[in-house]
Amino acid sequence: MTMTEAIAADGLVRLFGDVLAVDRVSLRVEPGEVYGLLGANGAGKTTTLRMLSGLLTPTKGSATIAGFCPINDPIRVKRIIGYLTGDTALYARLTPRETLQFFGGVSGSSVETLDERIEVLAQDLDLFSFLDRRCGTLSTGQRQRVAIARALIHDPQVLILDEPTAALDVVSARFINQRVRAEAGRGRAVLLSTHKLSEAELVCDRIGVLHAGRLIHEGSLLELQSETGTSTLTEAFLALVERAEDEP
Amino acid sequence: MSWRNVRLLLRKELLEVVRDRRSVFLMLVLPMLLYPLLLIVAANLAEYQVRKVEDGKVLVGVTITPGIDPFLSRLQESERLQPLPMLPHQAVDVLRSGQVDVAVVFSSDLDQALRDETTSPVQVLFDETNEISLLAAKRVEDALDSWWEDLVEKRLEHRRLHRDFIHPFHVEKESIATPRQVGGHLLGQAVPLLIVLMIVLGAFYPAVEVTAGEKERGTLQTLLTAPLMSIEIVTGKFLAVFVVAAVTAGANILSIVLVVALGSMLPEQASEILDLQQPLSAIGLLGLLALVAGLLFSSVMMTVAVLARSTREAQTYLTPVYLLCVLPVVFVQMPGVELSGGLVLVPVINLALLMRDVLEGPVSAHDVFVVVVATLMYTGCALVAAASIFRREAIMLGDVGIGGLFTRVHAREQSHVPRLGEAFALVTLIFLLYFYVGSMLQVRFGVAGIVLSQWGLLLLPALLILRWKGLSLARSFAWNAPKVRHFVGGVLLGCSLWYPLMLAARWIMAGDVAPGPSASEDLLGDLVSDTPVWQLLAVLALTPAICEELLFRGVFLSSLRDRMRPIHAALLCGFLFGAFHLSLVGFVPKTILGIVLSLMVLQCGSVWPAIAFHAIHNGISLLIVRYSVSLPGIVDDAAPVLWQLALACAACVLGVILLARRPTGDSSS
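Chains as they are written, first to last, in our numbering: chain A, 168 to 415; chain B, -17 to 651.
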């Protein structure tokens, strides 16, 4: 791994009982880069992200986040990453401000820093109108914006986003995608999973295609298209999946 | 572990509880409304029912035979008894069919017997399962007794005999229990059960909410992505459950006490024979025990609830736990069950027995100390188990409930020393082994028993578990060779620190709070005076020094050293060392000794200076007792001799200076 790599995974394998969820996945993400893990439901995207964030222990293989191992040094890694879970789960009886104060607080930020940071995030993610309303009363789009603010509250070097636009309408999804690009523009490494091909096409610098737990191909959109001889990401994705299924 | 994180998590959990109307209703509103209503309605209903039964007329079946007129006239005079004639063979049937409430069957020779001044049988038939029949039988017995008295009076008069003739002596029964004791005894039957019941009920709902509830709502995964150690999450959530349980139990108990107090449910005559007032010290102690019980139940319930995938599943898991917490308290109400022997360390039972004893009268401070220490250790074990469950991915993230306990845990980086939880569980196991098996060995085999219990129960389990877990013995026991100056420093401190420590112990023993020595301390006293000196030093100085140091400053301290600041590790290790000995008198000196020894090992990176210190410290203390060395300030109340104290302090300072220099190039320290 070079010093510039924010995320590095080498041969990650994860078994759940006898089920092989992730099979020898290796990838690299650099600062300022948005890397999209593309795959159908059950392809192993969430499991890969969980292993990288220290929530799951790999059966085999290793990973580093900014040079630190998520398994042996989970607290340090969790301070470096901002992780967005796939279900926008927030504490319904807390307000977005209290949610951000709590997650920022446990990440080690002081009260003064937190207040400033909440102001910045509220500005960036347009949270002011509902910052002091309970999360349980917010719409799905508003909740997702709070969830992203939660992932960003401690100013992490690395963002790991599990299906950040799933269940969002087009307007909300576009807003979130713009924010993802903006965060990459600030030098953060972003690793996101999605099964929305149009979104990956729009947001990601590089794309890794996961199928049945295996990373069957990775590269930029143009590289994928030229590799498969197709003109869109959808066609390229389908071609790669078919090719993988035909392999013994 | 960061207490700031624990505080933030506790605040978050409590904020959620306070904003949940259902929780607030269950915690505060329901007890304040429900119990007053229930108790008032129940009391009034009971009073109405009793009055209705007592004022009502009962039907008395009577076999008509010559000579019963005085009895019949007595029944007719009473407004609450109505005689109904019947035949002798009908008695059982009319009673069973409910035509009468009680049946009185006279013998046909009654009249003859009365005339001959002999005796005749009278049968009173009643239904023991029927309250009205029991009451009717009582009234009939009263009427028969009154007639019997008249007959006896007449017979005595006829024979010109004094009434004392049939009363050779009379019995006067008098209870020596004061009204306060009677009241305490009654309270002791009910209050422990009430307290345990309320705390368990209070902990039930929050234990489910903060664990399975979070899983169900999907927020637990979000929490797990935050940079929080599992022990921080467990401690924050546990404290939240405890606070809610304590508030709920407090509101429930306060509500009941207020209803009883305001409802004037105690009749005036009753207050002469029982006094439900308790002294403030008893109420304070009861409060302390209730808090300790709250810690135990909150930790156990949370640990079980965290295994569940949903709130419904958690409720299923917690139902048997609820029974396990409450049923032992019922056992305490059985006659002859005392807080002694093995029961002292049995969870829940020891607390309930102590609560009962507090209400019945003064209790020994030693018992309070032992029960509190044991309960806190069980609480610690439950939290350790919860933290271990929080590290199990299958339970926390997967769709696996209690079955996740049996799944393989994916290995993280191989640790060379035990985890904090493993070390604490090991010390608790040894604590129980030492109490139950060790004390038996020591009483039965004396000196050999002490050796067996020290090597076999303190050190052997630690050794076996370290080997089984594949951990490094050298690192876990910290038995690498020390620097000479560190060893000399340890020896110097061992030679000198006993003096100020003994002064401290003397000062504590002179106070009012410390009780006399316990049974084991008496046994120790006998051994000191009867055993040869070399054996004494080998068994009571060197052996404990090696075994206790390897367990506490080795295994336990090694589990703390990389996880918290050295001073916190030393305080925790010292406190556990002090508590382990289960001696109230020895608690403060042993805790101080434990802290000093822990700091020494943390500083030197080796357990040997601590072993030398401990052995010399014990040896000098034993020799002073053995030879009754006259030391002013220690063996009597005189002021200590200044030069002796100064010499001891100078040696202490020199020892500290030698120990203060860290070994160069020792990464472990």
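Keep in mind that the hints were calculated from the coordinates and are not lab data.
Check the hints yourself; a few may be wrong.
Claimed, not checked - Cβ-to-Cβ under 7 Å is the rule here; a few derived chain B residues that face chain A:
no., residue
1, 201
2, 210
3, 232
Beta carbons: idealized from backbone N, C-alpha and C, even for Gly.
Hints, verified against the model:
no. : hint : in the structure
1   : 201  : 5 Å, holds
2   : 210  : 6 Å, holds
3   : 232  : 23 Å, violated
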